[in-house]
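Visitor: Construct the entire structure; sequences and hints are all you get.
Chains as they are written, first to last, in this note's numbering: chain A, 214 to 736; chain B, 121 to 419; chain C, 83 to 371.
Some hints could be false.
[Claimed, not checked] Keeping only pairs whose Cα atoms sit at most 27 Å apart, straight-line, the calculated DSS-like set for lysine-lysine is:
hint	chain 1	residue 1	chain 2	residue 2
1	A	K310	B	K203
2	A	K248	A	K310
3	A	K671	A	K248
4	B	K203	C	K167
5	B	K172	B	K257
6	A	K476	A	K248
What the hints contain is simulated information worked out from the structure, not anything from laboratory work. Computed from a prediction, not measured in an experiment: that's the story for all the values here.
Spelled out from the first residue to the last, the chains are:
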Amino acid sequence: MSLILAQACLPVSEAADSPVILRSQGISKAFGGQKVLDGISLQLRRGEVVLLRGDNGSGKTTLLNILSGNIEPDAGTINLSANGSTEIFAFPRPWWKQLNPFDHFTPERLAREGVGRTWQDIRLFSTLNLRDNIAVASPDQLGENPLLALFKNSAIRKQETSNLTESQEMLEDLGLGTRVTASADRVSLGQSKRVAISRAARAGARILFLDEPLAGLDGAGIKQVLNMLEALVRDENVTLVIVEHVFNIPLLLNWATTVWTLKRGHFSVQLPAEVQEEVKADGVNNLRSWMLELAGSDGQIIDRPLAGGATFSTVIPSGRQPGKVLLEVSRLMVHRGSRLIIGDGSNHPTEGMSFTLREGEVCVLQAPNGWGKSTLLDAIVGLLPISNGEIRLRGQPIQSLSAWDRANLGLTFLQSRNNTFSNLTVEESLRLTEQVSLPESLSPLLTRKISDLSGGQKQKLAIYTALRSDQSRIRLLDEPFSMLDRASIQQLQSTLRPGTGEAILISIPGNPEIQGDGKSEYE
Amino acid sequence: MNYLLHLLIYLNIYVIVALGLNIIVGYCGRLSLAQAGYFAIGSYAYALASVKLHWGFLPAVALGAGLAALLSLAISLPSWRLKGDFFVMVSLAVQVVILSAIYNWYRPDAQLGTWLNLTNGPAGISGIPRPDIFGIKFDTIGSLAMLATVTAGICLTLGALLLRSPWGRVLQAMRDDELAARGLGKDVRLLKLQAFAIACALIAVGGAIYGAYVNFTDPSIASLDQSVLMLCMVIIGGMGNFRGPLAGALTLLALPELLRFLNIPIALAAEVRLMAYGLLLVLMMHFRPQGLLGSYRIE
Amino acid sequence: MQVAVNGLITGLTIAVLALGFTVTYLPTRVFHVALGGVFTIVPFVAWACLSIGCPWYLVVAAAAVTGVSLSFACEAFNHRYLERKAASAGVHLVSSLGLYIIIVQIITLIWGNQPKVLRVGVDTIFNVGGLVLTRAQVLAVVSSTILLIAFYAWLRLSNLGLQFRAMSDNPTEMSLRGYSVVRLRLLSFSISGLLATVSGLVFALDIGFDSRGGLTMLLLAVVAMIIGGRQSFWGPLIGGVLLGVARAEVAWFLSASWQEAATFILLAIFLLIRPNGIMGQKYRLEAEA
Numbered sequence: 214m215s216l217i218l219a220q221a222c223l224p225v226s227e228a229a230d231s232p233v234i235l236r237s238q239g240i241s242k243a244f245g246g247q248k249v250l251d252g253i254s255l256q257l258r259r260g261e262v263v264l265l266r267g268d269n270g271s272g273k274t275t276l277l278n279i280l281s282g283n284i285e286p287d288a289g290t291i292n293l294s295a296n297g298s299t300e301i302f303a304f305p306r307p308w309w310k311q312l313n314p315f316d317h318f319t320p321e322r323l324a325r326e327g328v329g330r331t332w333q334d335i336r337l338f339s340t341l342n343l344r345d346n347i348a349v350a351s352p353d354q355l356g357e358n359p360l361l362a363l364f365k366n367s368a369i370r371k372q373e374t375s376n377l378t379e380s381q382e383m384l385e386d387l388g389l390g391t392r393v394t395a396s397a398d399r400v401s402l403g404q405s406k407r408v409a410i411s412r413a414a415r416a417g418a419r420i421l422f423l424d425e426p427l428a429g430l431d432g433a434g435i436k437q438v439l440n441m442l443e444a445l446v447r448d449e450n451v452t453l454v455i456v457e458h459v460f461n462i463p464l465l466l467n468w469a470t471t472v473w474t475l476k477r478g479h480f481s482v483q484l485p486a487e488v489q490e491e492v493k494a495d496g497v498n499n500l501r502s503w504m505l506e507l508a509g510s511d512g513q514i515i516d517r518p519l520a521g522g523a524t525f526s527t528v529i530p531s532g533r534q535p536g537k538v539l540l541e542v543s544r545l546m547v548h549r550g551s552r553l554i555i556g557d558g559s560n561h562p563t564e565g566m567s568f569t570l571r572e573g574e575v576c577v578l579q580a581p582n583g584w585g586k587s588t589l590l591d592a593i594v595g596l597l598p599i600s601n602g603e604i605r606l607r608g609q610p611i612q613s614l615s616a617w618d619r620a621n622l623g624l625t626f627l628q629s630r631n632n633t634f635s636n637l638t639v640e641e642s643l644r645l646t647e648q649v650s651l652p653e654s655l656s657p658l659l660t661r662k663i664s665d666l667s668g669g670q671k672q673k674l675a676i677y678t679a680l681r682s683d684q685s686r687i688r689l690l691d692e693p694f695s696m697l698d699r700a701s702i703q704q705l706q707s708t709l710r711p712g713t714g715e716a717i718l719i720s721i722p723g724n725p726e727i728q729g730d731g732k733s734e735y736e
Numbered sequence: 121m122n123y124l125l126h127l128l129i130y131l132n133i134y135v136i137v138a139l140g141l142n143i144i145v146g147y148c149g150r151l152s153l154a155q156a157g158y159f160a161i162g163s164y165a166y167a168l169a170s171v172k173l174h175w176g177f178l179p180a181v182a183l184g185a186g187l188a189a190l191l192s193l194a195i196s197l198p199s200w201r202l203k204g205d206f207f208v209m210v211s212l213a214v215q216v217v218i219l220s221a222i223y224n225w226y227r228p229d230a231q232l233g234t235w236l237n238l239t240n241g242p243a244g245i246s247g248i249p250r251p252d253i254f255g256i257k258f259d260t261i262g263s264l265a266m267l268a269t270v271t272a273g274i275c276l277t278l279g280a281l282l283l284r285s286p287w288g289r290v291l292q293a294m295r296d297d298e299l300a301a302r303g304l305g306k307d308v309r310l311l312k313l314q315a316f317a318i319a320c321a322l323i324a325v326g327g328a329i330y331g332a333y334v335n336f337t338d339p340s341i342a343s344l345d346q347s348v349l350m351l352c353m354v355i356i357g358g359m360g361n362f363r364g365p366l367a368g369a370l371t372l373l374a375l376p377e378l379l380r381f382l383n384i385p386i387a388l389a390a391e392v393r394l395m396a397y398g399l400l401l402v403l404m405m406h407f408r409p410q411g412l413l414g415s416y417r418i419e
Numbered sequence: 083m084q085v086a087v088n089g090l091i092t093g094l095t096i097a098v099l100a101l102g103f104t105v106t107y108l109p110t111r112v113f114h115v116a117l118g119g120v121f122t123i124v125p126f127v128a129w130a131c132l133s134i135g136c137p138w139y140l141v142v143a144a145a146a147v148t149g150v151s152l153s154f155a156c157e158a159f160n161h162r163y164l165e166r167k168a169a170s171a172g173v174h175l176v177s178s179l180g181l182y183i184i185i186v187q188i189i190t191l192i193w194g195n196q197p198k199v200l201r202v203g204v205d206t207i208f209n210v211g212g213l214v215l216t217r218a219q220v221l222a223v224v225s226s227t228i229l230l231i232a233f234y235a236w237l238r239l240s241n242l243g244l245q246f247r248a249m250s251d252n253p254t255e256m257s258l259r260g261y262s263v264v265r266l267r268l269l270s271f272s273i274s275g276l277l278a279t280v281s282g283l284v285f286a287l288d289i290g291f292d293s294r295g296g297l298t299m300l301l302l303a304v305v306a307m308i309i310g311g312r313q314s315f316w317g318p319l320i321g322g323v324l325l326g327v328a329r330a331e332v333a334w335f336l337s338a339s340w341q342e343a344a345t346f347i348l349l350a351i352f353l354l355i356r357p358n359g360i361m362g363q364k365y366r367l368e369a370e371a
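Guide: Rendered as C-alpha cells:
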C-alpha cells in the first residue's frame with residue numbers, strides 16, 4: 214500500500230528564509246544519573262514540517278516534553294518566538310526566578326506562546342462531550358472568569374455561542390457532527406486522535422508537536438490524520454514537529470521538510486531525501502537474516518499476517534520437529550477500559566486472537582507501536598485481566614492464575630520497561646532469582662546499585678535474568694533489543710535458542726505493512 | 121411540625137456544605153479534611169459580627185464567606201503541588217491549626233472581640249441574635265426555615281450557573297486531565313485558587329446559618345469528626361454532579377433519625393452514627409465508589 | 083539539653099510510628115489511615131489486661147497480637163480486594179479512613195471517651211548524666227531502639243527482607259519472578275501493626291491515651307515521613323527524630339499550643355523546597371511526563 218502525499222506548501226529552499234520561531238542550545242537532561250539528552254542544539258523555522266525520529270528510548274519523548282514545557286532541562290537555553298514576542302528561557306533557572314509565579318517554565322506558559330502538543334495516549338477530557346473538548350481549548354474565554362460568568366452578560370453569551378458553533382463545525386469537518394454528545398471514550402482511536410489535533414489547533418498552537426500520531430492506526434486512519442495535518446500546514450500555516458518511531462517514517466518522508474534524528478542522546482539534522490537514501494540502503498534486514506540463520510538449512514519460517522499491520526512469524530530451527538504444544542492462546546480478547554486492544558473488532562461477533570507456541574520454536578511478533586504487543590504479553594503473563602478466551606500452559610488453563618503462579622509454572626516474561634529493581638544491588642537482584650554469577654562482561658558490576666547502571670547494562674541484566682535456566686521455561690520477551698547497541702544485539706541473538714522443552718516468543722516494534730515488501734528496517 | 125422545620129433547616133445547611141465540598145472533591149479531585157475549619161470560620165465570623173458589631177444577616181454572612189475565601193489559600197496553594205494522600209494530610213494539618221487557633225485564642229480576663237480574645241476559647245460564643253435583614257427579624261422557626269431554604273436555593277442557583285459556564289467546563293477539563301488542560305494554555309493554578317475560594321465560602325455560609333439558628337457556636341464544630349462527617353456525606357452521596365450532594369445531605373440527615381427509630385439509646389447514638397458512616401465508606405468503596413448518585417469516581 | 087533529649091525521645095516514638103506507616107506505604111502505596119486506629123486501640127487492650135491483673139509480658143503480648151492482627155485484617159479483608167479491582171489510591175485512602183472510624187467508634191463504645199493512663203501515680207525518675215528521664219522515657223528509648231535495629235537488620239540482611247525491599251521497588255517485577263505479592267503485602271501490613279503497637283504503648287505510658295488522638299498522631303507520623311523522605315525506609319527515622327526535637331524546642335521557647343503550627347510550617351517548607359525529603363533525590367516535582 215502506498216500513500217501519495219502532496220508536497221509541503223513551502224519548498225525547502227523557501228523554508229530556509231522563513232523566520233526561526235524556536236531555537237534551543239545545549240539542552241541536556243539526565244534521569245537518575247543516566248544522560249538522556251546531551252547538548253542538543255536545534256532550530257525550527259515557520260512552515261517547516263519536521264520529523265523527529267529515534268528508537269524507543271532514544272530521548273525523543275524527553276525532548277518533546279522539554280520543548281512543550283512539561284519537563285525542565287538540566288542545562289541549555291530555549292528561545293521561542295512563535296506568537297510575535299520572543300521569550301528566552303535559560304536553564305538551570307535561578308532560584309529567584311522560581312519565586313515569580315508568572316514566569317515559570319510550564320506547559321501553560323508555552324501554550325500561550327503558541328506551542329501545542331498531542332499525546333501518545335490522546336488524553337481527551339473524558340467527562341466532556343466531543344464538542345466541549347474542542348470548545349474548552351479556545352483561548353481568552355471571558356466566561357472562564359467565575360465572577361464574569363456569574364453575571365452572564367451578553368458579551369460572554371455571544372462569545373460562548375460562537376465558540377460552540379465553531380467547535381461544532383470543526384467536529385463536522387471531522388465527520389463527527391452527529392456524535393457531538395457521545396462521551397469521549399466511545400469514539401474510535403483515529404477519531405479521538407483527530408479530535409485531539411483539532412483541540413490543539415483551536416487553542417491557537419503555532420507550533421504543534423505531535424507524539425506518535427500514527428501509532429495504532431490502520432491505513433485508512435493514517436490517511437485521515439495525514440490529510441488533517443496537511444490542511445493545518447497549508448491553511449493555517451502551523452509548523453509541525455512530528456515525533457515518530459522509525460517505522461512510520463517512510464510515509465512521512467515524502468512530505469516532511471526536515472528530519473531530526475536522535476540516537477542515544479545525540480542529535481542530527483538531515484534533509485528527507487538523504488534519509489530516504491539511508492532507509493533504502495539500510496535494507497540490511499537484520500531481523501530477517503537472523504530468523505533465516507536460526508531456521509538453518511532444514512528449518513522453516515511460517516509468517517502469519519495479523520490485523521492492524523502486524524506479523525506473527527514462527528521459526529522452527531533445523532533439526533527440530535514441531536514439538537508438543539507448550540503455550541496455547543485461544544480466542545483471546547483484552548480490553549483496556551472500554552477499548553478493545555487485542556481481538557479483531559472489525560468482524561461481528563468480535564474474534565479473539567489465537568496462536569500456539571510449540572517446543573523448540575522461536576516466534577516473532579512484529580507490530581507497530583500502539584498495536585498492543587505489551588497488552589497481549591501482559592495478559593498472557595497475568596498482569597492484565599482478559600475479557601474472553603483461554604490460555605493454556607502445557608495443557609493447563611492459566612487464565613485465572615496469578616502472575617507469580619504462572620511464573621512458577623515456567624512462564625518467564627521480560628518487560629519492555631521498568632524491568633529491574635533500581636534500589637537493589639546487582640548481586641541482590643540475582644539472589645532473588647537464585648542466580649549466583651554473571652557473564653564476564655557484567656561481573657565487575659556485581660556490587661553496584663542498579664540505579665547507577667546505564668540503560669544498556671540494565672537491559673542486559675534483565676535479559677540475563679529472563680534467560681535463566683533453572684527449569685524448562687517458556688520465555689516471552691517484550692522488545693528485548695531496545696537500549697542495546699548493534700554488537701550486543703548480535704550477541705543476544707546468538708544466545709536466543711530454546712532449550713529442551715522450551716520455546717521463545719519475542720515482540721519487535723515494526724510495521725511490515727507500511728514497508729510494503731514484508732521486510733523491515735531494523736537497527 | 122416544628123421538628124420538621126428544624127430538620128429542614130439542617131438539610132439546607134448540609135446541602136450548602138455539600139455543594140461547596142463537591143467543588144473540592146468532585147471538581148478539583150482533592151480529598152479534604154479541612155472543611156469543618158471553614159464551617160467554623162463562617163460561624164464564628166457571623167457570631168462576632170452580629171454580637172459585637174451588630175451587623176445584619178447579610179453583611180455578617182458575607183464577612184464569614186469572604187474570610188473563608190481568603191483563608192482557603194491554606195489549602196488551595198498546597199493543591200498546586202499535591203494531590204491524593206498528601207493533600208489529605210495537609211488539609212488535616214490546616215484543620216488542626218484552625219481548631220487550635222479557635223480553641224486557644226482567648227484570655228479569661230479579656231473582652232470578647234478584642235484582639236486578645238477573638239473566640240472565647242472552649243466556652244464559645246453564645247447569645248447570637250436572630251437574623252435581621254434590613255430590619256426584618258427572623259425569629260420564628262418558620263421564618264428561619266424559609267431563610268435557610270432561600271439561602272440554600274440561592275447557593276444552588278449560583279453553583280449551577282458557575283458549573284455550567286465556561287469556568288465550570290475548564291474546571292471539569294482540569295479534573296479529567298490536568299496536564300492536557302495545561303497543554304492547552306489553561307492556568308490551572310488560578311483555577312484552583314478560584315474553585316477553593318468559592319467552595320470554602322459556601323461552606324462558611326453553611327456555618328453562618330448554623331450559628332444564626334443555634335444562637336451559639338463553639339470549637340466543637342471545627343473538630344475532625346465534623347470534617348469526617350462532611351466528607352462522608354459527599355462521598356456517600358456522590359460527586360461531580362448536582363444530585364450527589366443532595367443525596368448526601370439527605371443521608372446525613374436521615375441517618376440519625378433512622379437510628380432514633382431503631383431505639384438506639386441517646387448515649388450511644390453519636391458513636392453508632394459515626395460507625396455507620398465508617399461502614400458505609402468501606403462498603404461503598406467496594407461496591408459503588410462513585411457514591412449513591414454521583415458521576416465521578418475518586419482517583 | 084534536657085529539652086532536646088526529651089524531643090529526641092518523643093521523636094523516636096514518632097519515628098517508629100512513621101516507619102510503621104512507611105512499611106505499608108512504600109510496598110503497597112496504600113495510605114494506611116487505619117494504622118492510627120491500631121495506635122489508638124493497643125493501649126486500651128493493655129489497660130484492660132492490666133486491670134484484670136496480667137503480668138507485663140502478657141500485657142505486651144496481648145497488645146501486640148491485637149495490633150498485628152488488626153492491621154493484617156485491614157489488608158486481608160479489605161485492601162486486598164480493592165487491589166484486585168485495581169482501585170485507585172484515593173479509594174484505598176477513603177476505605178482506610180472508614181476502617182479508622184469504625185475502630186475508633188468501637189473503642190468509644192467499649193471504653194468510653196475519657197482519657198486514661200497506663201500507670202498509677204507519678205513515674206519513677208532516673209538521673210542519667212545530669213539529665214532527668216522518666217521510666218517511660220527510658221522504656222521508650224530502649225524498646226524503640228531495639229525494634230528499629232531489629233527491623234533495619236532484618237531488612238538489610240535477611241532473604242525475606244531483601245524480598246521486601248524488592249517489592250517496595252517494583253512489585254510487578256516481583257510477581258513476574260514468582261514471588262507472591264499477596265503474601266508480601268500481608269507481611270508489610272503485619273509489620274506496620276507491630277511498629278504501631280510499640281509506638282502506641284510507649285506513647286500511652288508516657289503521656290496517657292484516649293480514643294480521639296489517633297488521626298492527629300498519624301498526621302505527625304506522615305509529616306515525619308515526608309520530611310525524612312518517603313522513598314526510603316530510613317526517611318521516617320530521620321524525619322521523626324527531627325520533628326520530635328523541633329516540636330520540643332518550640333514548646334519550650336514559645337508554648338505548647340504552637341507545636342501544631344510549627345509542624346505545619348515545617349511541612350510547608352519541605353514541600354516547597356525539598357518535596358522528596360531529606361533522604362530523597364534532589365529533583366523538583368516535575369510535571370508528569
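Visitor: Run every hint past the structure and note whether it holds.
Guide: Taking the hints in turn, this is what the structure says about them:
With a CA separation close to 25 Å, the supplied pair A:K310 and B:K203 stays within the 27 Å bound. For the suggested pair A:K248 and A:K310, the alpha carbons sit about 26 Å apart, so the restraint of at most 27 Å is met. Only pairs whose Cα atoms come within 27 Å are accepted, and A:K671 paired with A:K248 is accepted, the gap being roughly 14 Å. At roughly 22 Å between alpha-carbon atoms, B:K203 and C:K167 fall within 27 Å of each other, so this suggested pair holds.
Between B:K172 and B:K257 the CA atoms are separated by roughly 18 Å; this keeps the pair inside 27 Å, and the hint holds. For the hint pairing A:K476 with A:K248, the CA-to-CA distance comes to about 12 Å; that is within 27 Å, so the pair holds.
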